[in-house]
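Produce the complete structure using the sequences and hints provided.
Protein chains in written order, with UniProt numbering: chain A, 1 to 181; chain B, 1 to 181.
Careful: at least some of the hints might be erroneous.
Repeated chains share a single entry, so a pair holds when one copy, or any two copies, can fit it.
Here are the computed lysine-lysine pairs in the DSSO-like style, where the Cα-Cα straight-line distance is at most 30 Å [what the hints assert, rightly or not]: (1) K35 / K48; (2) K85 / K35; (3) K85 / K48.
Bear in mind the hints are in silico, worked out from the structure with no lab data behind them. Small disclaimer: the values here were computed from a predicted structure and weren't measured.
Number of protein chains: 2
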Amino acid sequence: MAQAAIRPCRAEDCRQVVRLIRELAEFENLSDQVKISDQEFCEDGFGKDPFYKCLVAEVPPECCSQDGHTIVGYGLYFFTYSTWKGRNVYMEDLYVMPEFRGKGIGKKLMSAIAQIGLEQGCTQMRFAALDWNRSAIAFYLRQGAVDLTATEGWHCFRFEADAMQGLVVGEPGSHQGSTPV
Amino acid sequence: MAQAAIRPCRAEDCRQVVRLIRELAEFENLSDQVKISDQEFCEDGFGKDPFYKCLVAEVPPECCSQDGHTIVGYGLYFFTYSTWKGRNVYMEDLYVMPEFRGKGIGKKLMSAIAQIGLEQGCTQMRFAALDWNRSAIAFYLRQGAVDLTATEGWHCFRFEADAMQGLVVGEPGSHQGSTPV
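Structure follows, in structure tokens:
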């Protein structure tokens, strides 16, 4: 069986990657949260001030998926920063189509992101996973990842746009005082 | 009492911000993880390819801290990306010195980061908090934040540099197959 090639995503691949983004969200039972359009995704990654970087896994045409796709996985990442340890690479998404799993494609994508991070002077690679996705978590732990929620108690939080707007218009003086903020 | 002014961090403030970074890590009982030097921090934020952005809270000299400091808090952030919702702003650190808490400085810093995020087209502001830091979490929830670990089951993970190196040199074929990677 032909190997999947890992290469940077190009603008013309965006539609295929958005297809995979939707598949991943469906797998995570969170597809109602997907609001991005093909066009926005392309502008955000390939405009003059890109917000992300992306690798794709591509198989030869003769090995395409049942529905004719040759881009069968992707890893999306960007650079972040730890005030404790400096530069980080953040793996936002890692996904391989079900029919192409078990062939090491996910690990190749993750390895390629780690290599890019090391070349850029990053000392950590961070990511998030859903607690019920036990086979993925077992895979990550086998590769040496640390679950910071389990070991140190970190929780992920989010303000949606309306809450951000509330923060901006709120009365700063109404804050009741708390630690450490 | 004079208000704290919120303004962008300048290169000459880096030493003061690193002082606050160490204070925050001590509060979090994780100060052994702080490896950054003043110089690295300054290069990473004020070199030709900055990895973060930072706001500081500054009080007038007559309101300085007991040990003579006028920079009494900081909020460090960068832009990230959600493949579901597009541009995000990530609040990596938010800290106010204990003797200046309860005056709304933390909320002013957070509000300023939210405003910058909205101006840049971000639809979310994300951050992480330690589960035992209940007063901080209560503060964030009052402002409209959602705890994604509690509500959706997201866990934070990290590969350290040695594990990243292991990913790079590992045999891709040794992967046992897992979902969704």
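Next item on the list: Output the numbers, in ascending order, of every earlier hint that fails for this structure.
Entry: none
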